Each structure stands twice: as C-alpha cells, then as structure tokens.
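Please build the complex by placing chains B and C on the supplied structure of chain A, with the hints as guidance.
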Amino acid sequence: MELFEKIKDSIIEMDEDKAGELVRKALADGIPPMDILGKGLVAGIEIVGERFKADELFLPEVMASAKAFKKGFELISPRLKETNYTPRARVLIGSVEGDIHDIGKNIVISLLQGNGYEVYDAGVDVSPSKFVELAQQLKPNILGMSALLTTTMAKMQDTVKSLEEAGLRGSIKVIVGGSCVSAEFAAQISADAYGENAGDAVGIVKNLTSI
Amino acid sequence: MIFNRLDILTPEELERIVDTSCSMLEQAGFRFEWDFALNLMREHGCKVDMDAQMVWIPRRLVMEALEKMHPLAAPQEYPKLFWAPWIGMKFIDHKTQQPRSGTLQDCKNIINVVNHLENVSVSSTGVVPQDVDNRLPDLYMAELLFKYSEKIFTTWTFTVDTCRDIVEMALAVTGGEKELKESAIINYLAEPVSPLKLSRHSLEIIKLYGEMNQAINMGSMVQVGTTGPATLAGSVALQLAEDLASLAYLYCLGSQSPVSLGGPMQVADLKNGNCLYAPPELPLIHLGIVACAHHLGYLSGCTSGLTETNYPDFQNGWDRGMSMILLWAAGSEALGMRGQIGAGQGFSLDELALENEMGGMMMKLSQGISVNDDTLALDIIESVGIGGSYSKLDHTNKHFGEYWKPELFSHEAFEEYWANYKHLALRAHEKVERILESYSLELQIPQDVADEIDRIRDRRIERLKG
Amino acid sequence: MIFRKLKILSDEEMMKIVEGAFRILKNTGCRFDDEKCMDELEKQGCNVNRDLLVARFSEEIIFDALDNMASLTPLDDRPKARVASATARKILDYKTKKMRPGLARDVRDVILLCNNLKNITMASAGVMASDVPEGAIEVYNTGILFKYSEKLFNQWITDPDSVEAVFEIAKIITGSEERLSELKILSCMLDSTSPLTYLKGRLKIAREYARLNLPVAICAAPQTGVTAPASLAGCLVLCVAEMLAGLVWLRALDTKSPVALGHLAARTDPVKGRRLSATPEHTLMNLGAHQIIRYLGYTAGISGFSSDSCDFDLQMGWEKAVSGVLSWAAGCDMLGRAGMIADGFSIEQLALEDEVLDMLYRVGEGCVVDDDALALEVVKKVGPGGNFLAERHTLSHARDFWTPKIFSRKNYSQWTAEGKKTVADTAHEKVSEIISKKSLSLQIPEDKAKAIDEIVGKRIEKLGGSLKGGDAL
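Protein chains in written order, with the working numbering: chain A, 39 to 249; chain B, 2 to 467; chain C, 429 to 901.
Hints in this document: simulated from the structure, not taken from any laboratory. Bear in mind that the values here come from a model prediction, so they are computed numbers and not experimental data. Every residue, glycine too, gets a C-beta built ideally from N, C-alpha and C. It is possible that some hints are incorrect.
[To be verified] Below, a sample of chain A positions facing chain C; criterion: calculated Cβ distance under 7 Å:
no.	residue
1	Leu-41
2	Phe-96
3	Met-101
4	Gln-226
Chain A on its own, in the form it takes in the complex (with noise of 0.2 Å):
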C-alpha cells in the first residue's frame, strides 16, 4: 500500500514529522497498527540497518532515522498493547551506578533502534536495586551496562549478583561496556558478552537472541 511505502520511506528520509503525520494518518483509516509497524516502520528501520552496515549511512543519520522511528513507534504503542504484539528483542541498557558517562551508551541505543530493537535507557548512576527494578518492570531479553571509570566497574558485578538474587537471571542475558571494561572482566563478571565498541551491539544482542 502506497502509505506503507511513504512512512517506510519518512524512516530512511529521518523524516520524524512526517513519519509520525503518516502514522497518524495510517490510524485513523483504521490500518491495523501491526501493519504500520511491519511493513512501514520496521521496513524503514531495515533497510536504514543493513545500509548503516554497508557503511552508505552514518551514525547521525542512524539516530535521526532511529528518532523518526520512534516517533511513529509511540503513536502505535498504545494501540499494540491491545495485541499479541512481541517486541523483536526488548533491551535495558544504562551507566552504572556512580558513572554519568553516556555518550557510548546513547550511540548503542541509537544502533539498537535503528535495527528494530526496542530499547529502554535507564540513564547513568543507575544502582543494581534500580536495574533490578527496572528489568522486573520492563522484562528485558538483554541488560546492557556501561561503566567508563575503573572505580564504578564493580557494580557491574553488583548488577549481575542482584539479577541472580531476584530470580531474574536466567532469563536476561548481560552485556557490558565502556572503556575501562574487557573481555576478561566480563568473564570474570559472568557477562554474557562485551562489546569493544559500541559498534559492536547490533551483533551480539542478535547472536544472544538469536533474533
């Protein structure tokens, strides 16, 4: 339908206004809102992706297409939750507690949305009780944590014990990062993954959720 097509195209043209218009438009003529997300937002987001990693699009670009996503995104939500709508991978990502550092975290969320995750930031300084609190909420896929002093890297740890002890554990998978993060930390943690770069968490949430 050729308002699929203009609203996928809003996503590739980052176009947020015009993206939520159509959307707007697109519910009241009553297209279901599965519809809008999947083959107009969704397929926007896609080809924004697979673009992003042929290296023809950069960051910004991701992130205005991602902001014109979720745009639309919010207007079909409420309308989503009245289906048996699931999320392709529903991912909580935030700074520890004592770090206000957010740049690498904001770049994996904008890297996340724009590949068709939806993405929850907890924000910085956020404690293990919070994270607990907000995966109990929300019911994540994946925990993302970011940590760039080396004085804040073992809440991590904090973070992972207080999963466990909640019972949420086996059933969120954890990734970290930041600079003063490694591989081994992350094993020493039982992370389930670290990401180097920010570049780098389109693929492991993929390969954690297979999705």
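For chains B and C alone, kept in the frame of chain A given last:
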C-alpha cells in the same frame, strides 16, 4: 628555536572563540554536581539553580580568573618537550604482543623503563592496574611513582578518598604542607564530563589539590560530533568553555595552583561512534586549543602523536609524526600520551622505546641552527676552497660529534639493511628487554617515607574492607 | 586557515648566513667549468681567472642578479607533491622486497599512477629504464610523459646530448620554438658540484634552456663534512653561495628564464660516510634554506618527504612526516621525493604519499570560524549532559570529515581477523588495482604522438637500441 609559530587562527578568530566560550558559560550554563561548589559560585556572583545544579558564569568572573590565576611556569629551555606516557586500561603484553589488562607489575616495569629513556621527560605508570582492588588503583599508581620514579610524573586520581590519601603521601614525601605547596609535585587533569558538567568527585578533587597549590591542568575531553558539536571551531569553543569553568571554580576557591589550559580533545568517527586517534581534524582542534591558551596567556598541552594502527608500520610513524610536529611547530609545551598503540588498544613498552627515539630527533630539532663564527665556518670554506674536501678537518670531526645518533632507527644502505634485517619493532623490543634486565627499581625516597606511604595505602585497604 | 610561516632562524641569523655567502663569493668565488662562462661573467662585471675558470662576485653584481632575475611562481597555496624526478635506477619489487633495475614498463606504471593519484600534482617517470639505451633515457622519458601524463611533469635533463631531441619533442607539442618559450613547458636543473663548482655539461644544458627563457631550478646539493662544512650554518653558507653564483651567471646570459632555488644538501653519516636524507640536521637545513630562499625572493624547492629507512616501517612514516610536514609548515612551494624508498622508487610508497598528502591538505584547510561552526545555539540547545549526535547540526556536518582510503582504522581484533595486514599491503593492493584496471590514454593528437615516437626512436637507434610499435621497446 622556532620563530613565527604555525598559526591556525587569526587574532579576530581567537577572540570570537573566546567570546563564544564565555557566552556558552553565560547562556548555556554549567552543571556543578556539588552543593558546596554551587554555593561558592553563587558567592562569587554567578546565577545558580540549586535544584538543577546549574551555574551560569559571567564573563567578568572568567576574565578575572584568567588574569589572577597563575599559569604553569614556562619550561627553562624552549621548547622543552614534556613528553609524558599515556595511561590506559590495557597493556600490550611484552612477550606475546597481545593486548590484555594492565597489572601492578606492568606499572613497575613501565616506571623502570621510563627511568632509563632519556627523552621521556615525565613518567607515569602507563596502565591502570587491574589486579588490585578496582576501587583504588590510583593509590597504587601514586605509591609506585612516589617511590620509584626518577622523574616528575603524572598520574590519575579517581576518587575523593584516594585523593586525600595521595595528598597525604605527597606530604610525607615533601616533608610538610608548606613544602608541598611550594613544590607542586602532583598534577591533576581536571576533566569535566562533556558537555558542560563537572561531577562531584572532580569538584572535590580539584578543591583538595587546589588547597595544596598542586598543578592543575584544565583538560576537558570534548569529542567532536558526540559530546561536542560536529564542527571544529564549535568543539574548541566548548572545550575552552569547560576549561574556563574549571578555572573559574579554582579561582573562587582562592587556590594558588599553577594552571595550564588544553586537554585531550577527541574526534568521533561519525560512521560508527568510535573514537578516532589520528584523523587530520585532531591536530586541527589541538592547534585551536593551544592557540586559545597562548592567546589567554597560559601554557598548553595536548595529546598528540597517537595512532590508529596496531603495528609500528608507515601509518604509525606518519600518524604520530604529523600531529606531533604540527603541535610542536605551534609551540605546544607538552606533547602527551606516549606509548599508546592502535587507537587505544593498549600501552606498549616497545612503542615507548620507539617514541623515545623520536623524542631524540625532536630534541635535536628543538636546538635549531646555531649561527656563530665557528658554525658559519667562513675561514674554513675559504681555506678548503673550490673543489676541496672537508673530510678529516678538526672542524668536521667536532661537528660530526654533535649530530643526532640513532639507536633504533636505521641509517643503513638498502642491501645492508636487508642483509642484516631486523625489524624496527624487534630492535625496540630488544632495547626494552635490555633495560628490564639491566635495571631494577630503586627507592627514590627515604625508607621511612616509603613506609609511611605503605601505611597510608594499607589504611585505605582496611577501610574499604570495613 | 593555516598560516604557514614557520621560521627557524632569526632575521639576524639569516643575514649572517647570507652575508657569509656574499663574502665567499667575493673572496673565493665559484668555478664555471666552461670558458664561455668566463666571457659571460666578465661582461657582467665579475672578476674572472681564466686559467682556473673561477669568477669572483661583488655585492653589487649579486644584488643586480637578485633584482633582475624573476622567480618561478608557485602553482597555488596548497602543499604540492612532486614525484621524485627520474634519478632512481632501481624500483622496489614489493613481493620480494628487493630492488631491481627500472624498466620501461615501470615508467608507464608510474605515469599511470600519477594520473590516478589526485594529490600527486607533478608527475615524473620515477625510474631510469634500464632497457632503454643510457643516452636515450631522458629523451624516452620526456616523450612518454608528453604523450601520457595528465599532469604537469618534470624530467630533468643531465645529458647535454639529449637537449636537442627534448626540445624537438617539446616543439611538436607547442608548434614552434617561440611558443615553447612562451608556454615554458620544459624546465631544467642547474645543479652545482660542491664545493663551489658548476660542471660543463650542466652549464651547457642550462644555457640552452635559458636561451629559450625556460625555467631553471638552481640547486646546491653538498654533503656536510665532505663537500661542505659539517656545521649546519656553514653548509647553508656554501649552498647559498653556490645558488647565488648560478643566479649571477644566468643573469649574465640576459635571459628571461624564471628561477627557483633548490636546497638538496644532505647530512653525512659520520661512521660510514653515507649521504643521509632524513636526519633532524637535514630537516633544519631545509627549513633554514627555505627561509633564506624566500627572503631572497624566490620559489624554493626542497626535498620534503625524506626517509633513511629501507622498509615501510614507523621510521619511514615518522621521518617523512617530520621532513614533509615541517617543510609544509614553513610554506615550502614544492615538496619532492614522493615515491622514494632508500635510493629506489616504490609505487606503493607513492600511493602512501598520496594518502598522507590528502591528510595534510585537510589540515591545511584549517578551521572555519563562523556562527554555524561556533555552534553556540546548538550547545545551548543540547545543554549540560546532552549529546550532539542526534542534532541536525551534526547531521549537516557528519560528512565533513576526512576518510582514509589506504590508512587503517581497524581495532586489534578486526586487524587480527583480517590477517594483520600492514598499510603497505593495502597500498600494494591499491596500486595493483589501478595498474590492472586503468590504462594510459594519449593526451595529445595521434599525429603528434607519432612524431614524438620518431624522434625517440631515432635517438634509441643511434645508441644501438630499437623502438618497436609506437613507444614500446
């Protein structure tokens, strides 16, 4: 000597950048995540929002701070190269050449090697040791440097508590508060979280070091495109704004700390968000911040001479050379971050040895051309005459003795080089091996002072257990 | 904008060196190994000794030459790279890492690469083809370059017997000697033999070029401690004296040739006596010479990208950066020696230098300082703790940044996974691709190309070789 340094900005452009930086502080504001600091700034005439932890700093205060704070003293010989090692999380294992987490033993080896590299003028531990309690690696680093470094050093301070301990160690080394205030043996890199934020622990650490008049390098780390605008001038203006905010705070504290402006600015690869280590835009922004610092009457240092590549190949040499030479030509007083390889892959002792070689060349360049009767050699030219030879003259032998001599670099002819082939990386490696085998760390301070340092460290460990 | 005005000498120091050169020319003079020069210089007012073939110069005569000999105008403000002129006998075989004699096919490859490497602004043949008879090489190279080079090129002539054929080739392009004189598409090097001598062959060549008012680069290339004082200032005195002597002689010819002055001095390895080209002393002399040459009012040519390394290693990259970037920072007009490795030529090195010139050009563009670039409103909008990635301003500038074509930005894991390729390996792939996919095309009408082939063919035949089928050997 350098005359007419390399300039990147006109005086009008410099003024525009400074003006923009001040406007950023006045209009965008700055987040100070500590009530003490917020109140202090308010007392000095800043508009403050305590709930939002925001400060708007008037340019009057910035200008006053610039005028009244003390620039870090100029090096005795110009241009002396403050050639300081990088500090990072990873170490390129000396035997396997693979990156891994840094250890305390690596720190010791690095200090040992630096002690014996004549062109590395400033020491550091090179890596943050990760085989110690990760709540206080900075304390271990400071301990080793106080005890074993034969040179002035730079190090990191991560927490307020370890800062207090490091100050206490410094007091033990210098003999007292008066002596410490006069000596400035510690230097701290005051690093806001870009954009426009100073965390509580940074503010507290600046206060602690500021009270002891220790050198503070205003060194924000704006990253073009991510934590700074995607334009070079904008990021330089933001970097300067952040440095000036830290400076204004230090001024309001009443500190007598000597200060420099500059910092490890970065450029993001906007294809993927990675931090780039050697794009051509990087020396441009560093040149910009150096120009601003000099324009404001302050010394400046930046990271320079980094490389993206993982091997000592042509790109490695060019990456390092281009940025270092540009900054040197612009008169930057400090050229930091030595020993790094491969876009932050890790600290490499072999690289450091190679950079020591480069440093030797740069020191020779810094001497310039001596022009006097002896060097002009007019009598000698006339006596050798047309078609004559200068070989074997005393004058020739004397000046041959002054030439730069390579230790690692090759001056062999092509066939000779390949007949005796040994890659530069291997030559550097062997030099490091020789140093490690020939020298061990020796205490640079009296035993009782070393014992006191150990006591301070152990006390912190005990407190953390509690 | 970058202001490339780095100087290494104070004005006082510079004047001492220049005055020293004047004193040498007044008291010692310079030898011109050609009697005809004595006539020319005596007419100019020099004090000549015909037995020794030595001329001495007063200050007035030197100033007259400086006032009346025009400078060769630089092409533009950007840093330029000139492929090292074809004095390399050998070329590096990348696979075997051995030097082998250059061949005619290598000349074609070098021209092809120069055509396709955008930052190499001035081409050359790169090598002396060993399968062309010795006395015909310069003619052969000139012919090939006129036929196929898409850029300005340089082919120095060192054999006086080649001049006639080279001029004939040039006249085919320009149509006449008068037009050749106007268009100035050929130039020559008048290089001294230190200390203080110009040899007959060089003088003969320069005289011919000056007759047609073609550009002349006067170059001094002594070696410290051997043919020049071991002190840097003393070596500069000698270089300046030799350059000025050459300049006065050209003035005596009453030519309108524009002039460039070139410093090609080398520092000696005190242990082995070798000429070294990338020591800090060498770079200092280059900078000092450039400063002086500019002061005297001339375009300066100095060896910019120099290295003493024999491998594509850190030393090579570092030394080329130090020598090249500093020369550029001093405002040097022409940076030579692109493509050289040790005493040979390397097409991989040429590609690497194209890459680094790209980086240097980017630096040379400097920083724009305007409202958009200062981004005050963007900073205010993003605010403390925000990030700029998603801003329209960032989007609009995201593609302003330099991207490498050969240099690597891979992290350790990626680099290892791809077999630990070095940058020279990547350069080799690039040049191989250009050579396999691109080809030379005639840059002049076919009839002119044929006429050139005839001239080259005659020259080769005269020396016992043969040119078959166009310019093939």
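Hint check results:
With a least beta-carbon distance of about 26 Å to chain C, the hint placing Leu-41 of chain A at the interface is violated under the 7 Å criterion. A cut of 7 Å between beta carbons decides the hint on Phe-96 of chain A: the least distance to chain C is about 5 Å, and the hint holds. Given hint, Met-101 of chain A at the interface with chain C, holds; its Cβ is 5 Å from that chain's nearest Cβ, closer than 7 Å. For Gln-226 of chain A, the shortest C-beta to C-beta distance to chain C is roughly 19 Å, which exceeds 7 Å, and the interface hint is violated.
Checked against the numbered hints above, the structure violates hints 1, 4; every other hint is satisfied.
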